[in-house]
Structure formats: structure tokens, C-alpha cells
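*Asks:* Here the protein sequences come in this chain order: P and U. Under this note's numbering, the first residue of the first sequence carries the number 1, and numbering increases by one thereafter. Under this note's numbering, the first residue of the second sequence carries the number 1, and numbering increases by one thereafter.
It is worth saying that the hints were derived from the structure and are not from the lab. A virtual CB, placed ideally from N, CA and C, is assigned to each residue, including glycine. Check before you lean on any hint, since a few could be wrong.
Which stretches of chain P does chain U cover? Using the computed rule of at least three CB atoms under 8 Å from a CB of chain U, they are [what the hints assert, rightly or not]:
(1) 48-61
(2) 255-266
Far from chain U, by Cβ distances over 12 Å, these chain P residues were calculated [as the list claims (entries may be wrong)]:
(3) 308
(4) 315
(5) 318
(6) 408
(7) 409
Pairwise CB distance ranges, derived in the manner of DEER restraints [unchecked claim]:
(8) P/435 x U/75: 15 to 21 Å
(9) P/196 x U/125: 55 to 61 Å
(10) U/157 x P/342: 25 to 31 Å
(11) U/30 x P/170: 52 to 58 Å
(12) U/16 x P/265: 18 to 24 Å
(13) P/192 x U/107: 52 to 58 Å
(14) U/30 x P/423: 23 to 29 Å
(15) U/125 x P/347: 32 to 38 Å
(16) U/23 x P/423: 30 to 36 Å
(17) P/387 x U/25: 44 to 50 Å
(18) U/16 x P/443: 40 to 46 Å
(19) P/342 x U/74: 40 to 46 Å
(20) P/435 x U/120: 46 to 52 Å
Each chain, written out:
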Amino acid sequence: MTRKLRPYDEPPRHRRSLIPNAPDSAALAFLVVAALWLVAATGIGVLAAGERLFPDLLKISFSIPFGSGIGVEVSQATADPAFVDALVFGWLTNVALSAIFFVTPRLTGRRLASDALGFMGLGAWNLAVAAGIVLLYVKGASGVGPLAEFPLPVKGLALLGLLAVNGAFWRTVLPTRSIGYVSLLYYGIGLLALLGLIALATIPAVFSLGTTNDRLLWAFTARGIVTYWVLGAGLGTLYYVIPRVTRNPLSSGGLALIALLGWLAFAGLSAVGALVDPSVPYIVTTLGQAGTLLLLAPVFLAVTNLVGTIRGSWALLLSPGSLQFAVTALAFLIATALLESVGALRSVQTLTAGTDWALGVSLLGLLGSATFAFYGFADHALPRILRRGYGGAMLAQAQLWASFIGVALASLAMIGGGLVQGSLQSQGASPQDVSGTLFAFRILAAGGLGLVSVAGLALIVNLFLLYTEGRPVEAARVAGEPLAAGQ
Amino acid sequence: MTVHTPIETRSGIPRWSIGLIVFVLLVGAAYVGSNLSGTNPPIAGAPSGSPGAGGDSAAALAIINTAGCKACHGPDLAGVPPTFPDLHGLQNGPTVDNLAQLGKTHPTDWMNIWIAGTDPAVSDPAMRKGMPAFGGAPYNLTPAQIETVVQYLLTLK
Chain P
1 MTRKLRPYDE PPRHRRSLIP NAPDSAALAF LVVAALWLVA ATGIGVLAAG ERLFPDLLKI
61 SFSIPFGSGI GVEVSQATAD PAFVDALVFG WLTNVALSAI FFVTPRLTGR RLASDALGFM
121 GLGAWNLAVA AGIVLLYVKG ASGVGPLAEF PLPVKGLALL GLLAVNGAFW RTVLPTRSIG
181 YVSLLYYGIG LLALLGLIAL ATIPAVFSLG TTNDRLLWAF TARGIVTYWV LGAGLGTLYY
241 VIPRVTRNPL SSGGLALIAL LGWLAFAGLS AVGALVDPSV PYIVTTLGQA GTLLLLAPVF
301 LAVTNLVGTI RGSWALLLSP GSLQFAVTAL AFLIATALLE SVGALRSVQT LTAGTDWALG
361 VSLLGLLGSA TFAFYGFADH ALPRILRRGY GGAMLAQAQL WASFIGVALA SLAMIGGGLV
421 QGSLQSQGAS PQDVSGTLFA FRILAAGGLG LVSVAGLALI VNLFLLYTEG RPVEAARVAG
481 EPLAAGQ
Chain U
1 MTVHTPIETR SGIPRWSIGL IVFVLLVGAA YVGSNLSGTN PPIAGAPSGS PGAGGDSAAA
61 LAIINTAGCK ACHGPDLAGV PPTFPDLHGL QNGPTVDNLA QLGKTHPTDW MNIWIAGTDP
121 AVSDPAMRKG MPAFGGAPYN LTPAQIETVV QYLLTLK
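Just chain P, same shape as in the assembly (with noise of 0.2 Å):
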């Protein structure tokens, strides 16, 4: 016989709140969409090599019908900064704040203070990157200077979102009253840096100070983000993952701290060797790039340290998985750091003004160092947060080395083409030899952010596979991997 149930004979029902509140949840959130900026910024970036190749034929401009007085233009002169800031803004700033988010709790043992607070700087953040870089093809409506272009109501809701993760983290982070782990003190400069650098690119849209001096604020902001944000968090990342993927004590904490010291300093001389006009005096500029040519001694002392944490757990970089990536992003780093301070010296600032070789820098930094850095932490977390056990090996493979080709031939043949672009144009070469010599170099490049944009899809795809497939966690525990929840 069955009875009928009666209203308050039903279990009580789990309400889900609008905002997931899970742990982890928010730092998931910043992981997906990372992943989905990934694919898109590199997208950008293969456009924005096209227009390198075919500036006239790709070319686009056009108004929007109906009476609106909108202009649209698609060209070399937008799609630069859309690609810059897709990456900085849309991929590695959510991935990091993702990495800040997971790791965090971890180190201090308390629950993210609020993921509602997360979730309301993703929303911000997002809303504001896309808005800008969407606003940068319209004709009018952004500023001009790399990663500082966001008209004023998009850098405030930027400035909303960031506010709201500076929140979570130190709120999360405060009650502990201890410095903790070299990590978080990377993400706390970093994020304060990153809120107190866009703050101050602000200024320009609300008292003007001039065209010379805008730039000159924006030339500075936008250097501080990549030496203290970007730097800053791809490297409190790597401190965390090198470790934990070891089961190794970092080689040594003093080590860390000096490095940390140094890279403080130097981050932000650095930032002043970007302002290069004959109204900054030049001992300060020179001061400045002395700066970028000193960020070589903390990331040496970084790399050195992590490398000796590695000392003994060689084997582990045989098997694919985060320490694989994390040795990669050490590489690159080494590398782009050995390059900025060559680039720092004004001889050659003489011969590479105006080539390729500043993007081309950039991009080994940007898609090499801090996206290897993030990859490894990506390939680490995922498993935790969603304790499901790591099936891909294979993609995992297919995302480290097209990515790793990727970077490599897109950045080298832009530095290898703004060598040469520097010193045909110093010789006095027809535009039309620059151009021609220039062709190879270029598609050698837009083929090399296609790579990478091919190990972002690799990412998604692995990352929509372990959570519709993936294996419960003490499956994988059984497999080997351990999968503590807290680690």
C-alpha cells in the first residue's frame, strides 16, 4: 500500500542561492572564464598579425546604420591593443586572480572571506574588459596608450571589480596576522599594484593633464602592470606549484625573500624607465631602465631557488602534468627578463624603436613565462576544485608543446623581425625591402599565435572533459596521484 505524501511529509527543499557559494567556486569561475579569454585574446592576436602582413586589405571601417553616428574600424591601429588587452586584462588577470583565490585558503587555512565578493569582481572585471575592448574598434571612444585605452565609465566598473577581489583576498588574508608564504605576499602587492596602477590611469579621463603627460602616466601605468602584476603573480604562483607538485620545502626562504625585495624595487623603477620624453629628465629615465636591466637579479634568484626545490623530483618532469609547465614558464621567464635588460640599453632602444622587437618581448613574457606559470597552476587546481581525477594526458601534452612552439616562433620571429626592421631602417632600406624582408617574419609569428590559440581550445576541451568524464577523486587517489581535498 503506498501513501500519498502530504505538503509537510516532503523533505525540505535545498535552495541554490544565485551566487554559488561552494568553496572554490570562485576561483573556479575565474578559471573557466580565463580559459575562454585565452582562446580569444590569441584569436586577436592572429588578426592583429594579419594586419601586420596586409594592413590595407584588412582594413575595415565602417558606420553603423539607421541614423546611430557610429564608426567602426577594424585595423592594425586597434587590433594591437585589443590583442594586448585580451591578454593582460581577459586571460592572465583571471587566471591570476583564479590562482589567488585557489591558493589562498590553502596557505591560511581559512575559507575565502566572501565568494560572493569573487563573483561580483568577476562580473565587473569582465563587463568591463569586454565593454573596452569592444569600445576600442569604435571610432572615438577609447583613449590611446597600451592597456590604458577604457573610456572612464568602463575603468570604473574595472575599478568595482578589482575592489571587490582585493576584498575577498584581504579579507581572508588579514585575521591570520602573520606575513605567511613568500606566495601570498606576491599577491597582495600585486593586487593592491594592479587596483592603485588602473586607479591612476584613471586620472587622464577626469582632469586633463595634457596629451604628453597622459601618455606619459599611461606609459607608466602600463608598465607597472606587467612588472608588478603580471610578474608579480605568475611568480607567487610558481613558488606555490613547484612545491606542492614536488612534495619538495622551498630550496630556500631567504632566497625568496630578496628576490621578493628586489623584484619590489626593481618593479617599480622599471615602471619609470617608461617615461621617455625630453620633458622627463633623463637621468630618471636612465635610472628607470637601469631598473628594467636589474629585474634580471630577482628573477634569477626566483628561478634559482624554485629549480632547487626541485633538486631530487627530476623524474616527475618526464610525466605530462604541472611541473612540466611550471619548468617551461622558468625558462621563458629567464629568458624574457635576459632580453628586457638588453632592450633596456639605450643603444639598442636606438636601433629597435618603432619594430617589432617591444611586442615581441612582450609576447615571450606575456604568453611564456606568466601563461606557462598559469597552465601549471591551471593543471594542479582543477582536479583539486573539481576532485575529479586528471584523465588527459594527451591534451595536456598537445597544450604544453603548441603552446610552447607557438610562443616560441611567434615571439622570436618578432624579435629576430624587429632586429632586422631596426637595422634595414637604419641603413637607409626602401619601405618595400623592410616589408618584404619583414613578410617571413610575420607569418612565422601569426602562425605561432595560431598554435597557441590552438592550446587554448586543448585547455577548454580538457577542462569540459574532466568535469563531464573525470573520475571521482579517490579513483584517482588509487592511481596514484594524491588528491587530498585541501592540497
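Knowing the structure of chain P, use the given hints to seat chain U on it.
*Replies:* Chain U alone, transformed into the frame defined by chain P:
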């Protein structure tokens, strides 16, 4: 529940790192010491005629590179005097004898006339000493392009 999983660190600072820090500071000091004086080039995109800025420098540099000025005047436009004049410090007029008269008769636009080279007053090959007439074929720079270059050159001190 989040498990607190701190990362262990070995303490101690390797002795070699102290030597490296000293070396790095010396390199920095040497770099700064060897680059104490000079003039920065204008930041890209600075407006024409604004204080402290010398014209649309990105556009000017593009024209300078395209026209091949650096082939004779060098990558930093400092020239190889006396054969190829230094293009810095032209704010007060010409710095070479063959242009002194031109500077007196055309104090505001002598550079435009000289670079264009199409005016009969400056087209004598003996006077030009190998300097091409950029206003004519095959360069065909427009007066606006020449003005952009002039504004840029006026910032080089």
C-alpha cells in the same frame, strides 16, 4: 572544509647570492654613470607644438625611417660631422656654413625649404653636398610630412 597546508621552507641564504647582489648593484651604478646626460626622444603620439613635445613623433619617425635619413645621419640622427651633419640642436638655426644664409633669409621655415630641396635657392648640387631633395622624386614627401619631421627635429637637443 579547507585544509591548512603550509609549504615548508629551508632557511638560510646561499653565500653566492650576496656576491650576486653586490655585482648587480655595481652593474646598475655603472649603467647609470655612463648615461647621465642626454635627451630622451619624444613619446610616441605626442601632439605637435605642445610644450615639451616635438610633434607627432611616431609619424615623424616613420617618415624618417621610410625616407632613409638614418642612412647618412645615423640611427640616433647625430650624424658624422662634418660630412653628415648632426641633426640635434637645430632650434637656433643651421649649424653648418652652407645653410647659414638660408637660416637668415628664412628663419622660421629654413628646414622645410632645405629638406624639400625643390626651391631653386637650395637646389644647387654644390650646396646640397649629396643631400637628396625629399620634396621631389622618388621621395615625394608632402609639405605636411616635411613639417612633421621638422617639428620632431626641433625637439632633438
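*Asks:* Out of the numbered hints, which ones does the structure contradict?
*Replies:* Violated hints (numbers, rising): 1, 3, 11, 19 and 20; every other hint is consistent with the structure.
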